[in-house]
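This is what each chain is made of:
Protein chains: 2
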Amino acid sequence: MPDVIVIGAGFSGLEAARRLAGDHEVVVLEARERAGGRTLTHSFANGDETDLGGQWVGPGQDRLYALIAAMGFGTYPLWDDGDHLVQAGGLKRYRGTIPNLSIPVLLDLNRALSRFEAMARQLDPAAPWTHPKAQEWDRMTVADFLKRHAFTARAREMFTIGIGAVFCAEPHELSLLHALFYARSGRSLDALLSVTGGAQQDRVHGGMGALAGAVAASLGDRVRYGEPVQEIGWDPTGVTVTTRRQSWRAKRVILAIPPSRALGINFDPALPSRRDALWRRMPAGACIKCVAQYDRPFWREAGLSGQAVGGKLAVRVTFDNTEQGKAAGQLLGFIEGEEARRWSEVPADTRRDAVLDAFAGFFGEEARTPIDYADKDWTSDPWTRGCYASVLGTGVWTALGQDLRKPLGPIHVAGTETAIHGFGYIEGALEAGARAADEVRAALA
Amino acid sequence: MPDVIVIGAGFSGLEAARRLAGDHEVVVLEARERAGGRTLTHSFANGDETDLGGQWVGPGQDRLYALIAAMGFGTYPLWDDGDHLVQAGGLKRYRGTIPNLSIPVLLDLNRALSRFEAMARQLDPAAPWTHPKAQEWDRMTVADFLKRHAFTARAREMFTIGIGAVFCAEPHELSLLHALFYARSGRSLDALLSVTGGAQQDRVHGGMGALAGAVAASLGDRVRYGEPVQEIGWDPTGVTVTTRRQSWRAKRVILAIPPSRALGINFDPALPSRRDALWRRMPAGACIKCVAQYDRPFWREAGLSGQAVGGKLAVRVTFDNTEQGKAAGQLLGFIEGEEARRWSEVPADTRRDAVLDAFAGFFGEEARTPIDYADKDWTSDPWTRGCYASVLGTGVWTALGQDLRKPLGPIHVAGTETAIHGFGYIEGALEAGARAADEVRAALA
Numbered sequence: 011m012p013d014v015i016v017i018g019a020g021f022s023g024l025e026a027a028r029r030l031a032g033d034h035e036v037v038v039l040e041a042r043e044r045a046g047g048r049t050l051t052h053s054f055a056n057g058d059e060t061d062l063g064g065q066w067v068g069p070g071q072d073r074l075y076a077l078i079a080a081m082g083f084g085t086y087p088l089w090d091d092g093d094h095l096v097q098a099g100g101l102k103r104y105r106g107t108i109p110n111l112s113i114p115v116l117l118d119l120n121r122a123l124s125r126f127e128a129m130a131r132q133l134d135p136a137a138p139w140t141h142p143k144a145q146e147w148d149r150m151t152v153a154d155f156l157k158r159h160a161f162t163a164r165a166r167e168m169f170t171i172g173i174g175a176v177f178c179a180e181p182h183e184l185s186l187l188h189a190l191f192y193a194r195s196g197r198s199l200d201a202l203l204s205v206t207g208g209a210q211q212d213r214v215h216g217g218m219g220a221l222a223g224a225v226a227a228s229l230g231d232r233v234r235y236g237e238p239v240q241e242i243g244w245d246p247t248g249v250t251v252t253t254r255r256q257s258w259r260a261k262r263v264i265l266a267i268p269p270s271r272a273l274g275i276n277f278d279p280a281l282p283s284r285r286d287a288l289w290r291r292m293p294a295g296a297c298i299k300c301v302a303q304y305d306r307p308f309w310r311e312a313g314l315s316g317q318a319v320g321g322k323l324a325v326r327v328t329f330d331n332t333e334q335g336k337a338a339g340q341l342l343g344f345i346e347g348e349e350a351r352r353w354s355e356v357p358a359d360t361r362r363d364a365v366l367d368a369f370a371g372f373f374g375e376e377a378r379t380p381i382d383y384a385d386k387d388w389t390s391d392p393w394t395r396g397c398y399a400s401v402l403g404t405g406v407w408t409a410l411g412q413d414l415r416k417p418l419g420p421i422h423v424a425g426t427e428t429a430i431h432g433f434g435y436i437e438g439a440l441e442a443g444a445r446a447a448d449e450v451r452a453a454l455a
Numbered sequence: 011m012p013d014v015i016v017i018g019a020g021f022s023g024l025e026a027a028r029r030l031a032g033d034h035e036v037v038v039l040e041a042r043e044r045a046g047g048r049t050l051t052h053s054f055a056n057g058d059e060t061d062l063g064g065q066w067v068g069p070g071q072d073r074l075y076a077l078i079a080a081m082g083f084g085t086y087p088l089w090d091d092g093d094h095l096v097q098a099g100g101l102k103r104y105r106g107t108i109p110n111l112s113i114p115v116l117l118d119l120n121r122a123l124s125r126f127e128a129m130a131r132q133l134d135p136a137a138p139w140t141h142p143k144a145q146e147w148d149r150m151t152v153a154d155f156l157k158r159h160a161f162t163a164r165a166r167e168m169f170t171i172g173i174g175a176v177f178c179a180e181p182h183e184l185s186l187l188h189a190l191f192y193a194r195s196g197r198s199l200d201a202l203l204s205v206t207g208g209a210q211q212d213r214v215h216g217g218m219g220a221l222a223g224a225v226a227a228s229l230g231d232r233v234r235y236g237e238p239v240q241e242i243g244w245d246p247t248g249v250t251v252t253t254r255r256q257s258w259r260a261k262r263v264i265l266a267i268p269p270s271r272a273l274g275i276n277f278d279p280a281l282p283s284r285r286d287a288l289w290r291r292m293p294a295g296a297c298i299k300c301v302a303q304y305d306r307p308f309w310r311e312a313g314l315s316g317q318a319v320g321g322k323l324a325v326r327v328t329f330d331n332t333e334q335g336k337a338a339g340q341l342l343g344f345i346e347g348e349e350a351r352r353w354s355e356v357p358a359d360t361r362r363d364a365v366l367d368a369f370a371g372f373f374g375e376e377a378r379t380p381i382d383y384a385d386k387d388w389t390s391d392p393w394t395r396g397c398y399a400s401v402l403g404t405g406v407w408t409a410l411g412q413d414l415r416k417p418l419g420p421i422h423v424a425g426t427e428t429a430i431h432g433f434g435y436i437e438g439a440l441e442a443g444a445r446a447a448d449e450v451r452a453a454l455a
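Chains as they are written, first to last, in our numbering: chain A, 11 to 455; chain B, 11 to 455.
A couple of the hints might just be wrong.
[Claimed, not checked] Chain A residues, not near chain B, derived (Cβ > 10 Å throughout):
(1) ILE78
(2) ASP91
(3) GLY92
(4) PRO114
(5) TYR235
(6) GLN240
(7) ARG255
(8) SER257
(9) ALA312
(10) ASP385
(11) GLY405
(12) GLU449
[To be verified] Between beta-carbon pairs, the in silico distance windows are:
(13) B:PHE83 - A:PRO279: 32 to 38 Å
(14) B:PRO417 - A:ARG105: 37 to 43 Å
(15) B:THR247 - A:GLY335: 34 to 40 Å
(16) B:GLU127 - A:THR247: 37 to 43 Å
(17) B:GLY419 - A:GLY32: 48 to 54 Å
(18) B:ARG255 - A:PRO417: 28 to 34 Å
(19) B:ALA280 - A:PRO279: 41 to 47 Å
(20) B:ALA358 - A:THR247: 24 to 30 Å
(21) A:ASP72 - B:ARG255: 37 to 43 Å
(22) A:THR107 - B:SER124: 35 to 41 Å
(23) A:PRO417 - B:ALA280: 40 to 46 Å
[Unchecked claim] Here are some chain B residues the structure puts well away from chain A; computed CB gaps all over 10 Å:
(24) ALA153
(25) GLY230
(26) PRO293
No wet-lab data here; the hints were simulated from the structure.
We put the beta carbon where it would ideally sit given N, CA and C, even for glycine.
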């Protein structure tokens with residue numbers, strides 16, 4: 011009988027297992043035939059790689075940098091040279107984080123952003139519900155905040171695109187308190203929106219999904235694939251975990267899957283009302299990640315960075331995702347929020363055409379003729395059901411947030427949605443995995 | 011091989027089965043060992059009955075009255091004589107639907123209610139997203155509406171209690187569009203809040219849960235108990251439904267369970283993104299229904315109706331639930347919204363004391379000494395997970411509502427949450443069951 015069963019071989023579950031494996035017998039049960047969860051490295055036909063899931067690491071994400079180094083992987087900066095583009099009543103070039111808009115719009119956007127950051131800084135990311143205004147902010151949406159603090163339509167649109175890029179959701183879906191917490195948890199909204207110096211600064215040679223694969227490989231046959239968990243039973247003597255294939259018995263369980271997936275497991279005894287209600291109010295955002303590969307990064311020849319924002323087409327945020335040291339160029343685009351769910355139900359070819367159409371709108375006709383293309387619709391992936399992370403609506407944090415990290419008897423809860431720092435990021439997945447491992451270690455001591 | 015498998019033996023599934031059973035081979039798979047879903051009739055020690063789930067029928071609920079008559083059951087009016095009580099800075103008596111408050115508060119409350127009703131009347135309950143202001147209203151919460159249209163603290167409190175009584179949720183959790191739709195779907199907010207002439211007008215002799223049991227009995231061994239569905243697979247030739255016990259094959263499926271439960275089923279192929287996203291955004295409200303039985307309805311002797319509203323204790327809404335023709339009296343109280351989830355995790359005795367404490371606050375010390383007591387915590391029931399019905403937050407109706415009733419290939423969707431008239435009520439469950447049966451009949455013709 012293993013001491014611990016970890017459910018989910020994403021970064022959070024892998025980190026928990028890695029920390030416990032030296033002293034305890036650990037089994038990791040993974041539903042898929044691969045490790046990595048919401049990260050996924052794809053090989054193009056020519057052998058180049060790209061990440062179709064979480065891919066970035068940036069300043070302050072010390073756990074992830076340490077893991078990358080420990081596993082012998084290297085990082086390189088995302089291409090961030092040249093002019094960025096903004097579609098705002100015509101395509102304009104700009105540099106830095108804030109697009110080149112008219113002075114009144116810039117002032118308006120800057121004031122709203124500053125206000126947001128100042129509010130976020132006041133929160134304790136370990137307990138956002140303790141802020142004196144927590145109830146007030148949790149009963150407002152980000153759309154309410156924008157109504158109050160941004161006055162020009164263009165500033166609201168730009169803020170909305172930023173929110174879309176960070177949350178894969180619309181401002182009116184998000185509790186303001188959740189958005190503020192999320193920014194605080196990830197240092198600041200500016201950090202979450204930035205490339206150099208921010209959360210999109212560096213990529214991993216070989217791919218982030220490949221890193222997860224390497225961690226899983228280092229755990230050897232402790233990781234069991236194709237074992238989707240159907241039921242978790244617990245009693246004073248331990249835990250029984252039943253997968254489609256077999257039953258496992260252990261002393262402790264670490265649940266390292268998204269809340270939306272946890273609802274697919276039958277708990278016996280049933281989950282307490284508050285935990286069940288919390289998880290039911292943590293649906294994920296919606297995202298389709300799209301990468302087109304070109305014979306060369308042709309946009310750089312025009313002095314463009316590959317970063318673009320805005321417009322009304324399927325893709326409203328792009329990056330130059332070219333692998334360092336490779337000849338072929340990569341353009342990365344995100345389809346987000348309601349658009350993602352709409353494009354999820356469209357045939358692959360039509361979606362590809364729409365993505366290339368958006369790329370051409372930013373970078374010219376050459377964008378229509380990639381040498382390869384790949385995308386990943388995370389909204390329809392049955393083991394993830396949305397990305398990047400849970401989106402909390404009004405009232406959830408203040409009513410139920412205090413239960414987020416509480417163990418359920420011998421069941422410990424990990425996953426990026428339980429992180430204090432880096433909620434929604436790989437960094438948070440690692441923090442949560444480490445914290446759950448500490449809990450289990452203490453419980454078994 | 012049956013033609014149709016109905017999943018769920020609540021009123022919706024039973025109605026679908028009843029309509030199809032004459033012409034088609036039908037099997038009803040029920041997870042529990044009983045029929046009735048969110049209705050449940052309980053026998054007190056002395057043999058008297060009470061309903062611990064849905065229990066009422068009122069004007070406009072023609073399908074339910076017809077079913078009651080068809081099954082040979084009778085109805086009787088809920089006790090509605092005497093003075094009602096409102097706790098509003100002291101206990102006051104009143105008559106009618108609107109409590110006896112100060113003139114400014116009454117005017118304020120009346121204006122807010124009228125405004126709400128006028129907005130609700132404009133909606134098409136079959137397609138609330140088509141209203142010109144649907145987006146605007148769907149991005150507001152009911153709390154936003156109250157901020158705009160009610161100006162006194164007491165009027166807001168009373169409106170909030172009304173919302174709690176109807177939705178088992180707090181105003182800031184609810185999309186305004188959803189609340190307006192819900193009122194329209196059930197005729198009007200006034201109807202949903204009223205006893206005589208409204209949705210709480212009549213009870214059923216023997217109990218509403220007993221009526222469900224009788225319908226189930228009339229279907230004979232078509233209804234299979236203890237068969238919780240784990241997986242639904244579908245392909246061009248039909249459907250495979252796998253329960254904990256066995257696999258069933260059929261031409262069509264009718265899914266007649268709450269959306270929150272449907273998320274516990276593994277669909278193969280996986281659900282389309284939009285349907286999955288919709289169901290994940292339909293968590294149920296929270297409710298504990300509490301009934302104390304007394305040797306006689308002693309409050310009537312003081313000229314009281316047994317109906318009370320307000321206060322800060324666990325129970326803020328009560329009714330005289332006495333069975334017609336029985337000597338013993340019954341007081342019914344609801345614990346709702348966040349309070350319900352809080353009291354869900356408290357030992358049964360402590361909760362009972364808190365309920366009796368609230369009853370005593372309204373009806374005097376005699377309320378502390380019932381001859382029997384029963385309650386039902388629907389938030390912790392693993393096959394329901396909340397009551398009365400799904401609560402839709404901001405943005406859900408306009409983004410995803412159009413998919414609510416769409417069949418998924420050979421899988422037809424029933425349940426009160428798919429009703430046009432009577433969403434959240436037994437009446438809506440019957441409408442949805444009948445509509446799904448019509449769809450299946452047409453598909454099999």
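Here is what the structure says about each hint:
1. ILE78: Label holds. Min Cβ-Cβ 32 Å, cutoff 10 Å.
2. ASP91: At about 36 Å from chain B, ASP91 (chain A) clears the 10 Å cut-off, so the statement holds.
3. GLY92: Since the minimum Cβ distance to chain B is about 35 Å, GLY92 (chain A) lies beyond 10 Å and the statement holds.
4. PRO114: Fine: 25 Å to the nearest Cβ keeps PRO114 (chain A) off the interface.
5. TYR235: holds, 17 Å
6. GLN240: Not fine: 7 Å to the nearest Cβ puts GLN240 (chain A) too close to chain B.
7. ARG255: holds, 14 Å
8. SER257: holds, 13 Å
9. ALA312: holds, 36 Å
10. ASP385: holds, 14 Å
11. GLY405: violated, 5 Å
12. GLU449: Holds: least Cβ distance 21 Å, greater than 10 Å.
13. B:PHE83 - A:PRO279: 32 to 38 Å: Since PHE83 (chain B) and PRO279 (chain A) have Cβ atoms about 35 Å apart, the given range 32 to 38 Å holds.
14. B:PRO417 - A:ARG105: 37 to 43 Å: violated, 52 Å
15. B:THR247 - A:GLY335: 34 to 40 Å: Between THR247 (chain B) and GLY335 (chain A), where Cβ atoms are some 52 Å apart, the hint is violated.
16. B:GLU127 - A:THR247: 37 to 43 Å: Distance hint for GLU127 (chain B), THR247 (chain A) is violated at roughly 57 Å.
17. B:GLY419 - A:GLY32: 48 to 54 Å: holds, 49 Å
18. B:ARG255 - A:PRO417: 28 to 34 Å: holds, 32 Å
19. B:ALA280 - A:PRO279: 41 to 47 Å: Between ALA280 (chain B) and PRO279 (chain A), where Cβ atoms are some 28 Å apart, the hint is violated.
20. B:ALA358 - A:THR247: 24 to 30 Å: Given about 25 Å between the Cβ atoms, the range holds.
21. A:ASP72 - B:ARG255: 37 to 43 Å: violated, 51 Å
22. A:THR107 - B:SER124: 35 to 41 Å: Violated: the Cβ-Cβ distance is about 49 Å, outside 35 to 41 Å.
23. A:PRO417 - B:ALA280: 40 to 46 Å: Violated, at about 30 Å.
24. ALA153: violated, 6 Å
25. GLY230: holds, 29 Å
26. PRO293: Nearest chain A Cβ is 4 Å from PRO293 (chain B), so the label is violated.
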